[in-house]
Each structure stands twice: as C-alpha cells, then as structure tokens.
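Q: So the chains spell out like this:
There are 2 protein chains.
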Amino acid sequence: MKRTPLMLVAVIALVCVVAAQAPTSQPADEAAATIAGGKLPPGYRDWRLISVAREEGDLDDIRAILGNDVAIKAYRVGTRPFPDGTIIARLAWSYDSSAVNNKAFGRHQSFVAGHPKNGVQFMVKDSKKYASTGGWSYAHFDEGKPQRDVPTLQRCFDCHLAIKDDDYVFTRYTP
Amino acid sequence: MKRTPLMLVAVIALVCVVAAQAPTSQPADEAAATIAGGKLPPGYRDWRLISVAREEGDLDDIRAILGNDVAIKAYRVGTRPFPDGTIIARLAWSYDSSAVNNKAFGRHQSFVAGHPKNGVQFMVKDSKKYASTGGWSYAHFDEGKPQRDVPTLQRCFDCHLAIKDDDYVFTRYTP
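Chain order of the listed sequences is A and B. Heads up: the first sequence begins at 29 in the working numbering, then just goes up one per residue. Heads up: the second sequence begins at 29 in the working numbering, then just goes up one per residue.
Bound conformation, chain A alone (with noise of 0.2 Å):
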C-alpha cells in the first residue's frame, strides 16, 4: 500500500520533467520525411527565429528564417557542421510600405511584411542520404505545393556552394 503513493509522486514528477522539456517543433526524422513526401512540415511556421533579412531586387521580399529544435541547438551551441536532422525554414513576404506606421513616426520610413511571396523553402540535413548536394536536400513550396522540377532544386544546391566552408548555409544566428 505504501509503494503505491510514493510511485505515483515519482511519476508525477516525471510529468513535470518531461512537461518542462518538452520540444518546440515535431521530430526531425518525421519532419525530413514529411518534405520528402512533398509536403510542408506540420507546425512549421511555430519554429523558432533563426534570423532576419531583406532580398532587394527581383526577389523584393523581407524575410525570416525558422529552425526546427536541432537547427537551434546547433546554431546556439556552434556545432559545424549541422547535425543530421537540422530543418532550415525561410518564409518571405512582400515589403510594404506601411502608413498607419509612417503617419505615426512622422516621417516615410516603416516597412512591414505584407502578402506571403517566393514560397517557402527548406533545407534538410541528412550527410548520407543527400551527400552528393553536400548533405542537404533543397525544398521549395509555393502555396503548399512542393517543387519537384529537379535542375531548379539543384540551382539551389549550385548557389549554397559559395557558403560551402560554413556547412552550405547563409544565414546566420542572431542573437
């Protein structure tokens, strides 16, 4: 009779432990697979900042770059190359001038992410199984719908290739 309760307190405490730890994005394995299968990952758009960043030209876009839990741990950790299981996300939308924002400052000078614009696209670590794109599989969906057109898929690949000393990725952490 006494074993019961003091069991019971055990694993209500595990509860916590394991409530307090829980991830912040799906598994990697199941995500990787799930952009395999031409689909965007559920839950995507919850993972968290890697950074920022404005594409001028034919792009014209303003920018965020998500990570999934092993691409933040490896950002913030300093871990090159990124482990198996990194999910690099970039969603982009058009760069609006804004003019409730202008009118409040007093002067044109706000900007603000209008209309989702140039898709959403993905980078997906896995050294063996994409080791001829230097470990990475390059995604890219316009409203849901996956790219399958491979020479566009490898212009990604053939464009990364200058950032090939840093593991093939951009983007960096900001803090």
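Hints should not be assumed to be uniformly reliable.
Same chains, same names: a pair is fine if it fits in one copy or spans any two.
[Unchecked claim] Within a straight-line C-alpha distance of at most 30 Å, the following computed DSSO-like cross-link-like pairs (lysine-lysine) qualify:
hint : residue 1 : residue 2
1    : Lys156    : Lys67
2    : Lys192    : Lys157
3    : Lys101    : Lys67
4    : Lys157    : Lys131
5    : Lys101    : Lys145
6    : Lys173    : Lys101
7    : Lys145    : Lys131
8    : Lys131    : Lys192
9    : Lys131    : Lys156
10   : Lys131    : Lys101
11   : Lys156    : Lys101
12   : Lys145    : Lys173
13   : Lys192    : Lys156
Everything labelled a hint here was simulated from the structure, so no lab data went into it.
Fit chain B to the supplied structure of chain A, relying on the hints for placement.
A: Then chain B, alone, in the frame of chain A:
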C-alpha cells in the same frame, strides 16, 4: 494490487498528453511580473514569430516581433482586444549589406540582421493594472537593463495611440 498498474498507466498517459501540449513560453503572469520587475523574461528569444519589419530613418534597423503563447493564440484567432497576459516583444538588429550573399546572388541586393540594436521592447497586456495606458505597459531594455524614465516610456503610449482602434498594436500577424 491490480489498481496500481492501472493508475500508473493513467498517469503515464497524462505525461504524454501534458508533454504534447506543453506551452512554448513561460506562464504569462510570470513573464509579466519579470518585466515589471525590470528584467528580461527568460526565454523571450524563443517566443514565436508574429512578423518582421524594417525601420529606416534614425532607427535604421531590421526587426522581428515575437509573441508569447497568449499573443500568438490571440493573433491567430483574431481576438480583440488582446487578452490579459498577451506579451509582444520587439527585437531589432543593424541592417547590414551582406557581401557573401551579394556575391552569391551576383548583385547588391541582400541585407541581413547584424548586431542587436535599439534595445528589446515589450508590450504587456493587463487591462486593469495598465488601464491608464490603454491596458498595456511598455518596457524597453538596453543590454538587459530596463528603461526606467517614465516620460520616455510614456512616449511609447503616446505614439501607440495612433493605433488605438486596433488595441494599440501596430504589428499584424503574417502567416
């Protein structure tokens, strides 16, 4: 004797349910109290992305607006006014031309977040406690040190009055 295994199964099931629903931000009241006490709330850098923006002019930064769980839920559901416990964080960095990216793109177009700049700011919703400023408190931290000057913080509210009709919040959620 038979009850014990059943109870253990039930509690272990509870572990799984709790872990799956674990929040991604610290309880709102704790974070709010921490900010009111003049400290950065732990884990704010892990809060989820609301949107991104760029301020030219004197600010000259690129920024990310993050929200705690209450904020993100309210944004996604469309709850207005924002519920008590909503906390919105504004992070910002220098707006740096990226030579590496420009070389890869073959043109001068790429701007990335550089060093943290213009401090970290928070809006904390408590409609009773902060009734005199539209239900929100405004906080600003420079390198972790809180801005304590009341007239300076009052200017936040004075400017946010411009968006009073959208519960004093300029930033819109971008999916």
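Q: A separate judgement is required for each hint: does it hold in the structure or not?
A: Status of each hint after checking the structure:
For the homomeric pair Lys156 and Lys67, the shortest alpha-carbon distance inside one copy (22 Å) is at most 30 Å, but the shortest distance between copies (45 Å) is not. For a Cα distance limit of 30 Å, the shortest separation of Lys192 from Lys157 inside one copy, 18 Å, qualifies, whereas the shortest one across copies, 53 Å, does not. In this assembly of identical chains, the alpha carbons of Lys101 and Lys67 lie at most 30 Å apart whether taken from the same copy (24 Å) or from different copies (24 Å). In this assembly of identical chains, the alpha carbons of Lys157 and Lys131 lie at most 30 Å apart only when taken from different copies (29 Å versus 52 Å within one copy).
When the C-alpha separation of Lys101 and Lys145 is checked against a cutoff of 30 Å, the pair qualifies both within a copy, at 28 Å, and between copies, at 23 Å. Within a single copy, Lys173 and Lys101 get their C-alpha atoms as close as 29 Å, and across copies as close as 26 Å, so both meet the 30 Å cut-off. For a Cα distance limit of 30 Å, the shortest separation of Lys145 from Lys131 qualifies both inside one copy, at 26 Å, and across copies, at 23 Å. Proximity of Lys131 and Lys192 under a CA criterion of 30 Å is satisfied inter-copy only: 14 Å between copies versus 44 Å inside one chain copy.
With identical chains, the CA atoms of Lys131 and Lys156 are at most 30 Å apart between copies only, with a shortest distance of 29 Å across copies and 54 Å within one. With identical chains, the CA atoms of Lys131 and Lys101 are at most 30 Å apart between copies only, with a shortest distance of 28 Å across copies and 40 Å within one. When the C-alpha separation of Lys156 and Lys101 is checked against a cutoff of 30 Å, the pair qualifies only within one copy, where the shortest distance is 21 Å, while the shortest distance between copies is 39 Å. Proximity of Lys145 to Lys173 under the C-alpha cut-off of 30 Å is restricted to the intra-copy arrangement: shortest distance 14 Å within a copy versus 37 Å between copies.
For the homomeric pair Lys192 and Lys156, the shortest alpha-carbon distance inside one copy (17 Å) is at most 30 Å, but the shortest distance between copies (54 Å) is not.
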